[in-house]
Amino acid sequence: MITVNHLSKSFRNPDGSVITVLKDVNCTIEPGEVISIIGPSGTGKSTFLRALNMLEPPTGGEILFEGKNILDKRYRLDLMRRKMGMVFQNFNLFEHMTVLDNVTYAPVRLLKADPAKAREEGLELLRTVGLVEKANVYPSQLSGGQKQRVAIARALAMKPEVILFDEPTSALDPTMVGEVLSVMRQLARQKMTMIIVTHEMKFARDVSTRIFFMNEGIIFEDGTPDQIFNHPIHSATRAFVMRINKLPFDMEDDGFDYPGMLSQMNQFCIKYSIPEKMKAVSYVTDEMVQVLLKNFRPLHIVLSHSDMTGETALAFMIKGLDKSPFEVEEPDPISFSMIQGHSQEIIQEPTSLGFRVKVIL
Amino acid sequence: MTKLKYLLILAALALSACAGRQEEVAIHGEADVAGHRIGTIAGSCYDIQLSPRKDIKLSLFSTVSDLAEAVKAGKVDAILMDEVAFSKASLKQTGLKKAFRQDESFPTAFAFRKEDSALADSFNQFLHELKESGTLDQMMEYWFESEELRPEDFPQVEEYTTGEPLRYANCETIAPIAFLAGGKWNGFEIDLARRFAAFLKRPLQIDLFEFSSMIVGLQLGKTDMIGGSIFITEERQQQVTFGDPYYNVHPAYFIKDVQAARAKKEPLHVSVVNAVRQNFIVENRWRMITDGLATTLLITFWSIILGSLLGILLCMMALSRRKGLRSFVGLYDGFMHGIPMLVLLLIMFYVVLARTGWDARTIAIVAFALNFASAAGGVFKTSVESVPHGQTEAGLALGFTKMRTFLNIVLPQAVRKGLPLYKSECISLLKGTSIVGYIAVIDVTRASDLVRSRTFDAFMPLLAVTIIYFVLAWLIGLLLNFLTLKARR
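Protein chains in written order, with my numbering: chain Y, 1 to 361; chain W, 1 to 489.
Honestly, the hints are just simulated from the structure, not real lab data.
Among the hints, a few may not be true.
Said to hold, decoys possible - Here are the simulated DSS-like cross-link-like pairs (lysine-lysine), alpha carbons at most 27 Å apart as the crow flies:
{"no.": "1", "chain 1": "Y", "residue 1": "117", "chain 2": "W", "residue 2": "201"}
{"no.": "2", "chain 1": "Y", "residue 1": "73", "chain 2": "W", "residue 2": "402"}
{"no.": "3", "chain 1": "Y", "residue 1": "271", "chain 2": "Y", "residue 2": "246"}
{"no.": "4", "chain 1": "Y", "residue 1": "112", "chain 2": "Y", "residue 2": "159"}
{"no.": "5", "chain 1": "Y", "residue 1": "159", "chain 2": "W", "residue 2": "486"}
Unchecked claim - Okay, the calculated beta carbon distance ranges per label pair:
{"no.": "6", "chain 1": "Y", "residue 1": "23", "chain 2": "W", "residue 2": "484", "range": "47 to 57 Å"}
{"no.": "7", "chain 1": "Y", "residue 1": "23", "chain 2": "W", "residue 2": "327", "range": "48 to 58 Å"}
{"no.": "8", "chain 1": "Y", "residue 1": "185", "chain 2": "W", "residue 2": "424", "range": "46 to 56 Å"}
{"no.": "9", "chain 1": "W", "residue 1": "337", "chain 2": "Y", "residue 2": "171", "range": "47 to 57 Å"}
What the hints assert, rightly or not - Here are a few chain W residues that face chain Y, going by a calculated C-beta distance under 10 Å:
{"no.": "10", "residue": "236"}
{"no.": "11", "residue": "239"}
{"no.": "12", "residue": "387"}
{"no.": "13", "residue": "388"}
{"no.": "14", "residue": "389"}
{"no.": "15", "residue": "391"}
{"no.": "16", "residue": "394"}
{"no.": "17", "residue": "395"}
{"no.": "18", "residue": "397"}
{"no.": "19", "residue": "412"}
{"no.": "20", "residue": "416"}
Note that the Cβ used here is the ideal one computed from N, Cα and C, for glycine as well.
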């Protein structure tokens, strides 16, 4: 259905430098597939998705839709886009129309659907996303999750052959992610062809027929959810699926903004929905930096959290040291026992750069 | 807020009209002038004569009626003016009296373009015949010596309606030289000009210019003949050709007639009724206001239409990818922002469009439209930009073409957001048109000036104009709301 060959995209900065977002993307997508595109931020996932319907025209390569190259200047993009729905991160509902009008506007205007019939179908679609009672309100009165469900209904109203989802849950309050994902699951069961850029790993694993792991502007690894999540070929894929979120700091000397670091760590905990670990993170960091490792500088500190396993860890790396700091210097027993009290495990290991003390919280 | 401001201004005007000195100013001869506050016309011979004097405090005004009001309100002690500027009838009406007249006198004449000496020659021939037949003396006696000037007694002169009009411009709006009464120009000079037009068998077109811009207007061909008690001076003779003088004018000082003012006191309700009658009913003076209103509406309407169309163009240029177009809009906006509207209007009238022969109203429309385009273009651009880009993307992604996305999705939202701003720009334009009097267009503001110069009452005409602008602004708001509602369906 969609074939992508050697797709590339680069931007020219105002200062003249060139940033390449997509290097060389190749793939084929068949009808009925549900494809999740995952990968670190800034690796071109959204750019790739937006290139598929030419909202972000690529700078090289080709995209074949139903056998025709859509990069062709004479290609009727508007006709192609009617068959390729899109759901945006920020919903982009038409704010000046009611929910029902949002859903029926394009079919009536573009497909010349009979208004009464479009209305019936629109209400039916709203029923499937659970919002039929909101048909006559304006989008401003809806919550984020409700808006996104309307946006999905709007895309469905054009009876598309494929729907692109551009991080559909990223702008949502965590409590609302579920309702949107459930609608998407329902679509997947109905064999709707879907291409989804997402950070929801569990969802991607459960729903997708295939997963693209994108990294550094290419599709790094392309495989079934089982392959990508359980037996990834590339180490970069493994690192990504296991421990997605990292917050690194380099503590060179006493001029370091210590309270700033603590505050960023707290924000990190809130961002990844582990507020209950905030206290432990602060305790452990305090004891390690101020007491146990106070004579070891520079210190490289990484707070990490894995969405997959739910594991949160604080790693303290002393560069250039080849044995445990606790052998160099007798640790304060009270401090040490406090850390033990807040952690599941303390791993001490030498690495190529130095010695690492890793506290699993 | 605006309402309150208007009320305060009106209150201030009313107070200043009531105030004034009760003692009669003691000026009986040239020796008494020193130490007083004297008013006269800016740019006149009197201005030149008085401005070097250190022993008086000189105030300059632009019309004789302003002068009369100033002395009446006690803002100046006396005014120096042509003796003939006030007839017996108008002295009685204004409540002024002559303090004394100077001995020297100045010949006064109509002026013509240098290149147009043929017209000057026919005027001289006409004037000669008028003097010979004694008609000129009769005219002077009627206009200057009558106890009261009533429209029904005005001399009737044959008027031609076909042929090339003789364009005559005047700067006076006060009896007996030239004034509007019953919707028609009259007065000694108008009478003279009308008789001259009849002599030429041509229709007469009368325009009202500012004194200071009359000679420039004549040189630029905005008019063929100018009057308004212009003294023949050597300096002026180098710029224009004067016809033969029709009389010599003595300068005279006028002061407030305190006794007459005292005798005139009457109860409030009577004076209000009288003021309304005087300002609007007598001589059908309301017609001046309604004619002015029509002009104001005409200029506002066309400026909004043309300015908005041009504004759409500017908005498209500003949003274009071409840098050249964008910087042009930047320059245009900068220019329109940086230049006062009045200056733009004068530049258009006297410089840029001076030789097009367009009438002043058309030039006013052009100037206001050019200025409004910048404001409207800015409003359009801000409105379009205020619609998030996501709306465009959503439209495109559904399969609308770029054009339809803009028209069906972005524009309706932009209109909603931009309407309040657009409305206030339209209302600013309406109010801004009140300066067209400077280029000889009689709009509603100028019309109130004209009424004022006939009745010497500031309060009523200004009150009427205030109400008119207020109601118009309100109506424009309603109309725009209505149009937008309709466009949405």
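Cross-check of the supplied hints:
1. Taken as a hint, the residue 117 of chain Y and residue 201 of chain W pair is broken in the structure, with Cα atoms around 76 Å apart against an allowance of 27 Å.
2. Between residue 73 of chain Y and residue 402 of chain W the alpha-carbon distance is near 15 Å, which keeps this suggested pair within the 27 Å criterion.
3. Proximity of residue 271 of chain Y to residue 246 of chain Y is assessed by CA-CA distance (about 12 Å); at most 27 Å being required, the pair is judged to hold.
4. Between residue 112 of chain Y and residue 159 of chain Y the alpha-carbon distance is near 13 Å, which keeps this suggested pair within the 27 Å criterion.
5. For the proposed pair residue 159 of chain Y and residue 486 of chain W, the alpha carbon gap of about 32 Å is over 27 Å, so the pair is violated.
6. Range check, residue 23 of chain Y to residue 484 of chain W: Cβ separation about 49 Å, and the 47 to 57 Å hint holds.
7. Under the hint 48 to 58 Å, the C-beta atoms of residue 23 of chain Y and residue 327 of chain W, about 36 Å apart, miss the expected range.
8. The beta-carbon spacing between residue 185 of chain Y and residue 424 of chain W, approximately 51 Å, falls within the hinted interval of 46 to 56 Å.
9. Under the hint 47 to 57 Å, the C-beta atoms of residue 337 of chain W and residue 171 of chain Y, about 39 Å apart, miss the expected range.
10. The restraint placing residue 236 of chain W at the interface with chain Y is violated, with a minimum CB-CB distance near 61 Å, outside the 10 Å limit.
11. Interface restraint check: residue 239 of chain W against chain Y, minimum CB-CB distance 57 Å, threshold 10 Å, status violated.
12. A hinted interface residue such as residue 387 of chain W counts as satisfied when its beta carbon comes closer than 10 Å to some beta carbon of chain Y; here the least separation is about 9 Å, so the hint holds.
13. Of the supplied interface hints, the one on residue 388 of chain W holds, with its beta-carbon coming within about 8 Å of a beta-carbon of chain Y, less than 10 Å.
14. For residue 389 of chain W, the interface hint holds, since its Cβ comes within 10 Å of a Cβ in chain Y; the closest pair sits about 9 Å apart.
15. Among the interface hints, the one on residue 391 of chain W holds; its C-beta lies about 6 Å from the nearest C-beta in chain Y, closer than the 10 Å criterion.
16. The beta carbon of residue 394 of chain W is positioned within 10 Å of a beta carbon in chain Y (closest approach about 4 Å), and the interface hint is therefore held.
17. Satisfaction of the interface hint for residue 395 of chain W is found here, the shortest Cβ-Cβ separation to chain Y being roughly 8 Å, below the 10 Å cut-off.
18. At a threshold of 10 Å, the smallest CB-CB gap from residue 397 of chain W to chain Y is about 4 Å, leaving the interface hint in force.
19. A least Cβ separation of about 6 Å between residue 412 of chain W and chain Y falls short of the 10 Å threshold, and the interface hint therefore holds.
20. The beta carbon of residue 416 of chain W is positioned within 10 Å of a beta carbon in chain Y (closest approach about 6 Å), and the interface hint is therefore held.
In summary, the numbered hints that this structure violates are 1, 5, 7, 9, 10 and 11.
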